[in-house]
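If you read the protein sequences in the order shown, they are chains A and B. Counting from 1, position 83 in the first sequence corresponds to residue 83 in full-length UniProt numbering; the numbering is continuous, with no gaps. Counting from 1, position 431 in the second sequence corresponds to residue 431 in full-length UniProt numbering; the numbering is continuous, with no gaps.
Honestly, the hints are just simulated from the structure, not real lab data. Any given hint could be a false lead.
[Stated by the list, open to error] With a Cα cut of at most 30 Å, we get these calculated BS3-like pairs of lysine-lysine:
id	chain 1	residue 1	chain 2	residue 2
1	A	K10	B	K139
2	B	K199	A	K92
3	A	K92	B	K175
4	B	K151	A	K94
5	B	K321	A	K68
6	B	K235	B	K139
7	A	K68	B	K151
8	B	K142	A	K94
9	B	K188	A	K53
10	A	K10	B	K264
11	B	K249	A	K68
12	B	K289	A	K94
13	B	K354	B	K367
14	B	K193	A	K94
15	B	K321	B	K235
16	A	K94	B	K188
17	B	K151	A	K92
18	A	K53	A	K141
19	A	K94	B	K471
20	A	K68	B	K354
21	B	K321	B	K249
22	A	K92	B	K354
23	B	K235	A	K10
24	A	K92	B	K409
25	A	K10	B	K142
26	A	K94	B	K199
27	B	K264	B	K249
28	B	K193	A	K68
29	A	K94	B	K210
30	B	K142	A	K92
31	A	K92	B	K321
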Amino acid sequence: MAALPRRIIKETQRLMQEPVPGISAVPDDSNARYFHVIVTGPEDSPFEGGLFKLELFLPEDYPMSAPKVRFITKIYHPNIDRLGRICLDILKDKWSPALQIRTVLLSIQALLSAPNPDDPLANDVAELWKVNESEAIRNAKEWTRRYAMDN
Amino acid sequence: MATSQGNDSDMDCSDNEDCYDDYNDYYNDDNSDGEQLDMSKTDPEYFDYKCLSEEEVERLLNETVESLSNRLFISPSLAKVLLHSHEWNSNEVICKYKENPQQTLIAAKIDPPTPSKSIIVTSTYLSCPVCITTLNIDKFIKLNCTHMFCKDCWTTHFEVQIAQGISTAISCMAKDCVVLAPEDFVLKHLQHKTSIREKYQHFTFRDYVKSHPELRFCPGPNCSVIICSREIKAKRVVCDKCNTGFCFKCGCDYHAPTDCQVIKKWLTKCADDSETANYISAHTKDCPKCHICIEKNGGCNHMQCSNCKHDFCWMCLGDWKSHGSEYYECSRYRENPNIAHESAHAQAREALKKYLHYYERWENHSKSLKLEEQTLEKLRTRINKKVMSGLGTWIDWQYLFTAANLLAKCRYTLQYTYPFAYYMDTGPRKELFEYQQAQLEAEIENLSWKVERAETTDRGDLENQMDIAEKRRTTLLKDFLDV
Chain A
1 MAALPRRIIK ETQRLMQEPV PGISAVPDDS NARYFHVIVT GPEDSPFEGG LFKLELFLPE
61 DYPMSAPKVR FITKIYHPNI DRLGRICLDI LKDKWSPALQ IRTVLLSIQA LLSAPNPDDP
121 LANDVAELWK VNESEAIRNA KEWTRRYAMD N
Chain B
1 MATSQGNDSD MDCSDNEDCY DDYNDYYNDD NSDGEQLDMS KTDPEYFDYK CLSEEEVERL
61 LNETVESLSN RLFISPSLAK VLLHSHEWNS NEVICKYKEN PQQTLIAAKI DPPTPSKSII
121 VTSTYLSCPV CITTLNIDKF IKLNCTHMFC KDCWTTHFEV QIAQGISTAI SCMAKDCVVL
181 APEDFVLKHL QHKTSIREKY QHFTFRDYVK SHPELRFCPG PNCSVIICSR EIKAKRVVCD
241 KCNTGFCFKC GCDYHAPTDC QVIKKWLTKC ADDSETANYI SAHTKDCPKC HICIEKNGGC
301 NHMQCSNCKH DFCWMCLGDW KSHGSEYYEC SRYRENPNIA HESAHAQARE ALKKYLHYYE
361 RWENHSKSLK LEEQTLEKLR TRINKKVMSG LGTWIDWQYL FTAANLLAKC RYTLQYTYPF
421 AYYMDTGPRK ELFEYQQAQL EAEIENLSWK VERAETTDRG DLENQMDIAE KRRTTLLKDF
481 LDV
């Protein structure tokens, strides 16, 4: 494998030295492009109290292409599907090489605080979020308790 | 023609012997190409267009770019961006640019929407925000938005974008920056990368042609021809290289007399109702008289049961006698006059019935077209046999192919009259349309019958039939093709 670009080294160092509050991102021992990520559920959201595991992978042409990010912990959210894939513009067409791992993870944390059922990935969840928000929030809390709290 | 299960008797010669007995005038009849004579302004399908090669179109675009660049004293690269964002309308660009150059450049995403703060660089070294490498200032470059990145990062950025098929839409690397990288800027960074440069130029060319309202790529497989027309109308164009015909306006299969929106609606509807379509597309029907199972293996809808010799219409299963000359009504859908008073359920059933009526005919003619292609193959074999056994020369038989081509053309139009009729409001205009449609239908079936059974080199009768069918077709288009 080619040497790790300076950009990735710098970003990793900074993530370790000045971690983002509520987010931990640790590179895998055997692959410096693969990160184990844990995001804590934001306060005043149905995900509060949960610890959500994600995986983040920097592709060969990073930062020209966006990192690949996926939730591993099950989560009830209109913009995240059953496979943990995330609907977030900066991970797709709005990606800019000037964005970083840090900014991506902050955006994901913000997505937990402010779900956007009008741009859904998980259709059934988004539908319920629109027609019966309180029930959707109840479901989200239940899933958080069931899948994101024990470990 | 029809065959039935368990009966393989050949009925090609069933009842035509007496129709083809005069050989007198087929050498004198030179006006066989009714189509060619019709290519005048009076032809409702006449359309002025040219088939151009990629090189010719490139030259055409470059001329436009050059003249604009000279008029406005701007670089050709900038002229290209402006033309691309204005559908290649030079006059519009000139007007806008002269009126407000600044706004024009912002709208074309050459300049940022808000003037960027001029960055005063004091040191000779800068850190590139993408690769985090500190480099001498002369290694940096920016677009009009003044976002500075090192040259190597620009190059990689372009490579990655081009690999994804993006060309004219490549933007600055900064977050939320919409400023586009013009062609000369991109090419400057790909100086030693010939294959990527070529790819980029290929993609930009595609984008330019697609944004140009007067140009259309031929949709034929692996065809590089570009069709050019000053008028943007829903008319038939035929590629002179691969022979693909399509509607110039929407790029789909030609669909006169139906217009682009209606045919789109119809095709979506047909796709949605595919289950019903499956049910209909069963290829067999029972003979209305002896109930033997019949598979249709020719395009003609005038059927003759090989078992009981009953003549009937494949579409309505009615007696063919009623389809003869004067009265041909099986193309017309008869609406239930009391439908408004019926229950919602009955209305839904009626709506489905109406749709099925039109769909069945649409689908049937589409199938007939395909079957008639096979007929053409059979014709070829038959003609070879005839020539071998001394019945006329090869050239004598060529008229049959002209007839088959005309038949295909007429049936094609007939097929597209059904979606047109489906969406038409009831009234005298629809009645007129359906009358003409019925006339056309009758003549086409006559023609089909005659083509399939032509036994002699006599052209008179068949050519007469061709002429009638084509006249019916043009009349209908003249009255209803509204483009």
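Could you tell me which of the numbered hints above are not met by this structure, giving the numbers in increasing order?
Checked against the structure, the hints that fail are numbers 5, 6, 9, 10, 11, 12, 15, 19, 20, 21, 22, 23, 24 and 31, while the rest are satisfied.
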